[in-house]
Every structure is written in C-alpha cells, then in structure tokens.
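**Q** Taken in sequence, the protein lines are chains H and A.
Just so we're aligned, residue 1 is where the first sequence starts under this note's numbering, counting upward by one.
Just so we're aligned, residue 1001 is where the second sequence starts under this note's numbering, counting upward by one.
Source of the hints: derived by calculation from the structure; they are not laboratory data.
Ideal Cβ placement from N, Cα and C applies to all residues, glycine included.
One or more hints might be untrue.
To be verified - The calculated lysine to any residue pairs, modelled on SDA-like cross-linking and capped at a C-alpha distance of 20 Å, are:
(1) A/K1003 / H/K9
(2) H/K9 / H/R109
(3) H/K71 / H/G16
(4) H/K57 / A/S1041
To be verified - Footprint (simulated), chain H over chain A, 3 or more residues, beta carbon under 8 Å:
(5) 1019–1029
(6) 1036–1050
Claimed, not checked - Stretch-level coverage of chain H by chain A, calculated; a stretch enters the list once three of its residues show a Cβ under 8 Å from a Cβ in chain A:
(7) 40–54
(8) 101–113
These are the residues of each chain, in order.
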Amino acid sequence: NAGVTQTPKFQVLKTGQSMTLQCAQDMNHNSMYWYRQDPGMGLRLIYYSASEGTTDKGEVPNGYNVSRLNKREFSLRLESAAPSQTSVYFCASSEGVGVQGAFFGQGTRLTVV
Amino acid sequence: LAKTTQPISMDSYEGQEVNITCSHNNIATNDYITWYQQFPSQGPRFIIQGYKTKVTNEVASLFIPADRKSSTLSLPRVSLSDTAVYYCLVGDTFTDSWGKLQFGAGTQVVVTP
Chain H
1 NAGVTQTPKF QVLKTGQSMT LQCAQDMNHN SMYWYRQDPG MGLRLIYYSA SEGTTDKGEV
61 PNGYNVSRLN KREFSLRLES AAPSQTSVYF CASSEGVGVQ GAFFGQGTRL TVV
Chain A
1001 LAKTTQPISM DSYEGQEVNI TCSHNNIATN DYITWYQQFP SQGPRFIIQG YKTKVTNEVA
1061 SLFIPADRKS STLSLPRVSL SDTAVYYCLV GDTFTDSWGK LQFGAGTQVV VTP
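Let's have the full structure, built from the sequences with the hints guiding it.
**A** Right, here's the structure in full:
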C-alpha cells in the first residue's frame, strides 16, 4: 500500500519550460490536493479536486493547471515555469472534502533557473 | 475563516512534555481543530483532530477549553524524533469550505538530548 505517490522527486527547469507533476493515490479517496511550500513557510493550496471530474482553485492558482485524470490521479502542470515557482510541491488526498486524515506525498522539489 | 496563531518555535529536552497552544479566537460553531506534523523533507502527517474537551490517541493529546478559542497539543515524553514542525488548522472540514483551510507557518519544535 503506497499511499500517495508523487513523481518526480526532484526537477530542475529552465525559465519558460513546461512540465507536469504526477500524483497518484491508491486509497480510493475522493478528494485530492496540490500544495506548494516555500522555505520557512506553511503550505499553500494551489488547486484541489473534491471528486473525480471537478477541480477548484486554491489560494495560489496562477501559473498552474490541473487535471483530475481519474479517481486515482491528479496532475499539476506548469505551462511556462518561472523562478517564482521554485518550491516544494506536495500532493495530498483525503476520504471526503475535509482535511481530516489527509495523506500527503513525499513532495517534489522543483527548481526553476 | 478562523485565523490561528501559534508560537514560531519551542525547544525541549528528551523526556519532557511539550505543549503547543494555538489561538483561534473566531472559531465557528462547525469548525474542527486539526493538528499536523511535518518532518524535514516530508509531507505533513495528520496527528489528531478534535471539536471540544479532550482527545487522546497514541501520539498526542488535544485539549480544547469550553470556549474553544484556543487549543493545546500535548506531546508526552518527547524524543529526538519528535523534532518537527507542528501545524494547527481550524475549519469546517466536513463541507466544501475545506479548500480555504490554511496551514500557516507552524511551530518548529526542537528536541535536544
């Protein structure tokens, strides 16, 4: 039982490049989330998906797009990476809309140069 | 939205009890109090959640006074492995308002021998 799996774990991009962060959960959870965490700060919600087929913006959605591919997978895409998007990205999932018992992945450390 | 305030950092020695107090003066009737723990280079991990009075599990205890304007996470007999950032979140985690819950900067707990 892997829980929440994120790929890749590390990535370096050049400004303007695009990439997709992948997230998959094997707990049959309805809700999935993408956060970013900058040094010394808490997590900020980028996008979330309350259920398969729905997505909603969080606190910092600009510069990102998401796709809830199916119940298991929720991807985050950076169309044109900027240095301000250098951060650690976490994916999470939970049974319902609520954060109670949300499970987080190990994170993706992204550097944009 | 209920804003939370918690200390930036706390130091402790092994074997001591650590109590982290979170203030949430404008907590709403339907709001729950949830605590997460985050180790370096890992995603946050759910510790405990409560609504009122006291909740205890194998990891921690959560004390909530009658007015619910604050809560205290208690970590009994800490060890070096309890060194982490602890986040207090307040919100109605059982409706679609969850997306607005904020982690904040958390409390950095450092346990030394």
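**Q** Work down the list of hints and note, for each, if the structure agrees.
**A** How the hints compare with the structure:
1. As the CA atoms of A/K1003 and H/K9 are separated by approximately 32 Å, the hinted pair breaks the 20 Å bound.
2. Using a Cα cut-off of 20 Å, the hinted pair H/K9 and H/R109 holds, with the two alpha carbons roughly 6 Å apart.
3. Note on H/K71 and H/G16: the hinted pairing is violated, with a Cα-Cα distance of about 30 Å set against a maximum of 20 Å.
4. Between the alpha carbons of H/K57 and A/S1041 the distance comes to roughly 25 Å, so the proposed pair goes past 20 Å and is violated.
5. Given as covered by chain H, the stretch 1019–1029 of chain A fails the check, having 0 residues with a CB less than 8 Å from a CB of that chain where 3 are the minimum.
6. Figure legend: the stretch 1036–1050 of chain A, annotated as covered by chain H; annotation consistent (7 residues with Cβ-Cβ distances under 8 Å, at least 3 required).
7. Taking a C-beta to C-beta cut-off of 8 Å, the stretch 40–54 of chain H contributes 8 residues in contact with chain A, enough for the three needed, and the coverage statement holds.
8. Coverage of a stretch by a chain is defined here by at least three residues with a beta carbon nearer than 8 Å to that chain's beta carbons; for the stretch 101–113 of chain H and chain A the count is 7, and the condition holds.
When the structure is compared with the earlier hints, violations turn up for hints 1, 3, 4, 5 and for no others.
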